[in-house]
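Enquirer: The chain contents come next:
Number of protein chains: 2
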Amino acid sequence: MNFADSLINKIKSSSPICVGLDPRYSQIPEQIRNEAPTQGAALFEFNKGIIDAVHDLVPIVKPQIAFYEMFGLDGLAALSRTVEYAKEKGLLVLMDAKRNDIGTTAEAYANAYLDTTGDFSSDALTVNAYLGYDGIKPFVEACKKNNKGIFILVKTSNTSSGDLQDRKVDDDDIPVYELMAHFVDSWGHDLIGKSGYSSVGAVVGATYPEEAKKLRKLMPNTIFLVPGYGAQGGGAADIKPCFNKDGLGAIVNNSRGIIFAYETLKGFGPETYKEAAREAVIKMKKDIEGVI
Amino acid sequence: MNFADSLINKIKSSSPICVGLDPRYSQIPEQIRNEAPTQGAALFEFNKGIIDAVHDLVPIVKPQIAFYEMFGLDGLAALSRTVEYAKEKGLLVLMDAKRNDIGTTAEAYANAYLDTTGDFSSDALTVNAYLGYDGIKPFVEACKKNNKGIFILVKTSNTSSGDLQDRKVDDDDIPVYELMAHFVDSWGHDLIGKSGYSSVGAVVGATYPEEAKKLRKLMPNTIFLVPGYGAQGGGAADIKPCFNKDGLGAIVNNSRGIIFAYETLKGFGPETYKEAAREAVIKMKKDIEGVI
Chain P
301 MNFADSLINK IKSSSPICVG LDPRYSQIPE QIRNEAPTQG AALFEFNKGI
351 IDAVHDLVPI VKPQIAFYEM FGLDGLAALS RTVEYAKEKG LLVLMDAKRN
401 DIGTTAEAYA NAYLDTTGDF SSDALTVNAY LGYDGIKPFV EACKKNNKGI
451 FILVKTSNTS SGDLQDRKVD DDDIPVYELM AHFVDSWGHD LIGKSGYSSV
501 GAVVGATYPE EAKKLRKLMP NTIFLVPGYG AQGGGAADIK PCFNKDGLGA
551 IVNNSRGIIF AYETLKGFGP ETYKEAAREA VIKMKKDIEG VI
Chain L
301 MNFADSLINK IKSSSPICVG LDPRYSQIPE QIRNEAPTQG AALFEFNKGI
351 IDAVHDLVPI VKPQIAFYEM FGLDGLAALS RTVEYAKEKG LLVLMDAKRN
401 DIGTTAEAYA NAYLDTTGDF SSDALTVNAY LGYDGIKPFV EACKKNNKGI
451 FILVKTSNTS SGDLQDRKVD DDDIPVYELM AHFVDSWGHD LIGKSGYSSV
501 GAVVGATYPE EAKKLRKLMP NTIFLVPGYG AQGGGAADIK PCFNKDGLGA
551 IVNNSRGIIF AYETLKGFGP ETYKEAAREA VIKMKKDIEG VI
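If you read the protein sequences in the order shown, they are chains P and L. Position 251, counted from 1, in the first sequence is what the numbering used here calls 551; the numbers after and before it change by one each time, with no gaps. Position 69, counted from 1, in the second sequence is what the numbering used here calls 369; the numbers after and before it change by one each time, with no gaps.
Please note: incorrect hints may appear among the correct ones.
Which copy? The list can't say, so a pair holds if one copy fits it or any two copies do.
As a list, the in silico DSS-like pairs of lysine-lysine whose alpha-carbon atoms are at most 27 Å apart [stated by the list, open to error]: (1) K468 <-> K517; (2) K437 <-> K312; (3) K445 <-> K585; (4) K437 <-> K468.
Because the hints were derived from the structure by calculation, they are not lab data. Just so you know, these numbers come straight off a predicted model, no measurement behind them.
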């Protein structure tokens with residue numbers, strides 16, 4: 301089944317929440333760190349607990365690959381085990397790697413992340429389109445062939461995203477992020493599934509609700525991956541414009557706010573980090589349901 | 301020593317050539333593939349031969365990480381061994397990974413590639429600045445702290461690079477790649493070494509000589525990493541504008557044209573792939589010296 305259709309089906313039966321698996325090592329409960337034979341093993345053990353706690357409440361998890369790469373091969377082995385375990389538990393896996401390169405190299409990246417087998421074989425991948433269409437095409441083709449998805453950076457959640465993304469281009473008087481939205485809409489056209497959504501998605505930060513409102517209209521068939529909710533400052537009202545009138549069209553990511561909820565939610569601690577994560581997802585689901 | 305100074309010193313005593321280690325598996329001589337216990341082992345064995353053949357002729361090698369990631373953990377183990385071996389042989393290592401993310405995640409990437417230790421610890425890294433300055437700052441800080449370098453994508457060598465990079469921005473009437481050049485020049489200011497060059501470099505494709513000419517003026521202290529020579533169509537005349545009048549300021553990358561020279565150079569074959577690579581570097585050096 302087309303990736304977008306799989307994701308939309310899962311959202312309908314659970315929630316539009318993506319759990320970001322960014323296991324910042326120093327925040328992993330001490331007991332796990334002490335008992336694990338390696339740092340990578342601690343990352344996996346921690347992730348396994350999170351996946352166990354949330355797998356029936358969310359459609360998809362998003363490992364941020366930097367937090368694994370920083371531990372070298374040991375960290376990447378943990379990533380591979382995490383991907384495998386999440387799939388076993390019925391979750392879709394979105395690899396947040398923001399890969400980008402010229403065509404023949406992009407093809408190699410597609411083989412790494414959007415093939416049907418391999419240590420890092422995921423359901424979807426984030427990509428960066430600074431290089432233009434020929435750097436994106438191999439990913440789109442892999443999506444078609446293997447029922448996978450990509451999410452292209454459009455308007456990112458960080459403070460400096462405007463340095464380039466807000467600049468007005470050409471005589472069109474539209475900012476770069478709108479130009480990118482037109483690209484995403486057009487590049488994803490052939491991958492629209494029965495759900496009406498395309499397997500070519502867009503990254504649109506929760507921290508820019510005004511921009512999201514415009515982008516929602518420019519990309520009616522595009523699923524938005526929405527980072528920036530929670531730790532980065534975005535709230536429920538901010539993510540509202542990312543959804544279509546059908547209450548679909550977006551998955552809202554939360555990483556730290558869920559996986560390290562034990563540090564902030566009252567009544568939880570390191571020994572109940574799983575329960576805290578589950579509680580955080582339930583709260584977030586209610587929060588989102590209040591606005592869509 | 302500041303990365304730029306190390307690189308410039310090495311260029312002066314060898315050549316302005318960067319050897320791209322993109323070991324496309326199917327092009328690796330059959331004997332190596334047959335004898336290696338794993339695909340990753342074949343990648344490393346092949347790379348080792350290339351490094352042995354060229355290490356005294358060039359300052360730097362550039363593994364393109366996609367060609368390792370596509371073989372999963374086995375491929376990444378080969379990458380780690382390649383990085384280690386290249387350093388042992390006195391070469392600088394530029395990891396071509398085009399990483400990019402928001403600040404706290406960029407910091408994790410900097411830990412992975414620009415730290416002084418770790419499986420993938422390199423001397424420099426390619427990065428993509430679509431996210432703006434706060435996504436680049438952690439890399440710049442790692443460069444300062446650890447004497448490392450980065451190369452920011454400015455004008456890439458591929459056909460579609462103009463989709464975004466050639467668009468004129470704001471009322472300045474300058475294309476995106478020139479805006480990016482201004483950023484690179486300013487972000488790299490604090491990292492200018494005794495050589496007069498900065499450890500914050502730029503990627504400028506050999507396939508766009510007119511643009512390179514303009515960019516050379518806009519970034520006088522910036523070292524250009526120039527892809528696109530050889531297999532992608534760029535020749536010596538095309539790379540000329542990437543150099544300053546001092547004959548410095550650029551490293552010209554060649555991947556396929558060197559590592560798989562045995563397929564194209566007369567008198568060589570799979571069993572003499574090392575000699576062919578050495579011959580290709582010598583030819584390329586003469587070719588470049590003819591124009592700078």
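Enquirer: Next, verify each hint and record whether it holds.
Expert: Structure-based check of all given hints:
no.	hint	verdict
1	K468 <-> K517	both (18 Å within a copy, 24 Å between copies)
2	K437 <-> K312	neither (30 Å within a copy, 40 Å between copies)
3	K445 <-> K585	neither (33 Å within a copy, 42 Å between copies)
4	K437 <-> K468	both (25 Å within a copy, 24 Å between copies)
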